[in-house]
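J.: Protein chains in written order, with this note's numbering: chain A, 3 to 236; chain B, -9 to 365.
Some hints here could point you the wrong way.
Stated by the list, open to error - Residues from chain A that face chain B, not an exhaustive set, calculated with beta carbons under 8 Å:
#1 ASP30
#2 MET31
#3 SER58
#4 ILE59
#5 ALA74
#6 HIS76
#7 SER152
#8 SER153
#9 ASP154
#10 TYR157
#11 MET161
#12 GLU170
#13 GLU195
#14 TYR225
Said to hold, decoys possible - Taking lysine-lysine and the DSS-like style, the derived pairs with C-alpha atoms no more than 30 Å apart in a straight line are:
#15 LYS222/B x LYS49/B
#16 LYS49/B x LYS57/A
#17 LYS56/A x LYS175/B
#18 LYS49/B x LYS56/A
Since the hints were made in silico from the structure, they are not lab data.
C-beta atoms are modelled at their ideal positions from N, C-alpha and C, and glycine is treated no differently.
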Amino acid sequence: MQADMMMKYNVDMVFCIDATGSMKKVIDMVKDNALNFYRDVVESMENAPDQMQKKSINTMRIRVVIYRDYKADHDMAMMTTRFFKLPEEEEQFRDAINSVQAHGGGDEPEDGLEALAYAIRSDWNKEGIKKRNIIVVWTDASTHPIGYGSSDPAYPGGMPRSFSELTEWWGDEQMESPFINDNAKRLILFAPERPAWTDIVDSWNNVIHYPSVAGEGMEEFTYREIIDAIYNSI
Amino acid sequence: MIINGYKLEEELQTRNGGNCKWGFGKKDGRVFFIKELLNPVYPVDEVKLSDTVRARKKKICEDFQARQSQLYKALNDHSDGVLLHIEDFFRCQSKYYVVTSAIKGLPWDQVIKSKTFTWEDRLRMSRVLIHALNRMHQASIIHGDLKPDNVMMTLSKTNHVTCKIIDFEDAYWTSESPKPGDDVKCDVVYMAPETFRLMCGDNIRLTQGIDVFALGLILYQIMMGRFPEFDKEKYTYPFEVVLNGDTLKLRTDLLPPVYSKIIPMMLQADPEKRIPLYAAEDYLNGIKLRRKPAAAAKPEETTDTLAGSHGAAPVKEEPGFSGSMSTGAAKDRGAETGAPGASEKAEIHRKFDKPSSGTRPESKLVIKMGPRKKA
């Protein structure tokens, strides 16, 4: 028997936020909750409806991917942070979030699939017996086909060449993703029922979709949904 | 919105569901509970995927559909009312749906802590639960995620609290143990120690013993109205306690004698040492079957014996509980569940270690887990 037979539960989250002009409310919500997020998750664990079922998280990390439109916003189209460990790096996380401003975007579709590619390729925590790798996307726009902005000098190398290839990056139970654990992964979409979000809902596993309405920010219940998604997945 | 003929009352939601969306829908005048699974997802033609990816995903879905159909059929065939009946299972566009009757459940936490939830109620519910899980096990199925949330408490026609096991989406055949290193889907609070070891990479095979461990924790809560105590400074979950060689602090002195034996045996670290449910149920049926008047029992036979938990011997009344144990529990439970055959057995044995003639050999408490012929 091993010396330390104790559960280690590590949660990594990537917030993918469409930071174009209409998304100000969502960005403000993330800013408002950045400092409370860890505390709210822990509280949901400890104040479960049945006090007999307390659960705990060993580590929680969050990173942020801000995206817009390569053709319209060039080198401001994609901004990412590293993972911040909470609660130790709450201040840095808040500072990073506070630097985000809603602007730009060009036409209606944005480069949300490239943002997802960044998120899937995150440096996920490999340690711990139980892991959750959760990607949360907030947007009120459809997506361009992947590679739409590839002619722009700011477009990164190494992106998937097709939606099918991005689907392979996400993986499934027979073809494990090279980047994200199939059992650990969850994709929570706050996105409209428009391409390519509907394609993702109709072909990727472990996706929870909340259809969003253009121009509306995140309501209280959607914030609770994220907290519950973490609690219910352990 | 209509899904396969079910008219949804509102959008499906994820509240309290880790791996599904759920809601209620009406069909042919009946209201059903509808669950949309997150996994797998059928690649509909509209999605642009390569032929290879599409073919692989279709194969996953076809295998899943065939397997789940067999599993649900086996559960329905083995249920005598104690497993929530699967009414329908189908794919609609890209998603799979499981449909069951819409039953109004009672809030677990409030019920088991209630002073009006009598010893009789607790005994009845425990018996039903053991019987229900045993029915699953007889079908060679492991529930895999047994926890209070998946035990639906309801009121019977006779206005007694009873229960059904629900949520079979993580169930699997005994031949399908997860692989070492897999992230096994289950509630960590009710996780068996060997599940953790398998997740750590130990080359072990999960058996129905994982359900027995979870059931031991649940039965303790039903009986005592609280979770077993353990050193919270050192441990977060019960499996950690037993896996690290410590013990759960079970108040066996406050449990009915038969449960003071059965529950600790369900919570053994070694799954081989846990009591199989057919043996546990045999003992409980023994209680139910006892027909001799209490006065006929010798005093030493009513101590730590089945008769002792029958109500023949004085019963310690736990503070907070009202009422006392009664033979009526067994009677009601048989009527509610249609459980087989109490009257088929002629005689019970009085002591755990000295089975009398007419008792099946597997009724001994010291029994290792192993296959039993299918029902």
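J.: Next, verify each hint and record whether it holds.
T.: Quick rundown of the hints versus the structure:
1. ASP30: Result: violated, 24 Å to nearest chain B Cβ.
2. MET31: violated, 19 Å
3. SER58: Hint holds; SER58/A Cβ to chain B Cβ min 5 Å, cut 8 Å.
4. ILE59: Violated - the Cβ of ILE59/A stays beyond 8 Å from chain B, reaching only about 10 Å at its closest.
5. ALA74: Not OK, violated: ALA74/A not within 8 Å of chain B, min 24 Å.
6. HIS76: violated, 27 Å
7. SER152: violated, 17 Å
8. SER153: violated, 21 Å
9. ASP154: Interface hint status for ASP154/A: violated (23 Å vs cutoff 8 Å).
10. TYR157: With a closest approach of 21 Å, the TYR157/A hint is violated.
11. MET161: Violated - the Cβ of MET161/A stays beyond 8 Å from chain B, reaching only about 16 Å at its closest.
12. GLU170: The hint holds - GLU170/A has a Cβ within 8 Å of chain B, the shortest such distance being about 6 Å.
13. GLU195: The hint is violated - GLU195/A has no Cβ within 8 Å of chain B, the shortest such distance being about 12 Å.
14. TYR225: This interface hint is violated because 14 Å lies over the 8 Å limit.
15. LYS222/B x LYS49/B: violated, 46 Å
16. LYS49/B x LYS57/A: Since the Cα atoms of LYS49/B and LYS57/A sit roughly 37 Å apart, the hinted pair is violated (cutoff 30 Å).
17. LYS56/A x LYS175/B: Cα-Cα ~17 Å, so holds.
18. LYS49/B x LYS56/A: Violated, because 39 Å separates the two Cα atoms, which is more than 30 Å.
In the structure shown, a violation is registered for the earlier hints numbered 1, 2, 4, 5, 6, 7, 8, 9, 10, 11, 13, 14, 15, 16, 18, in ascending order.
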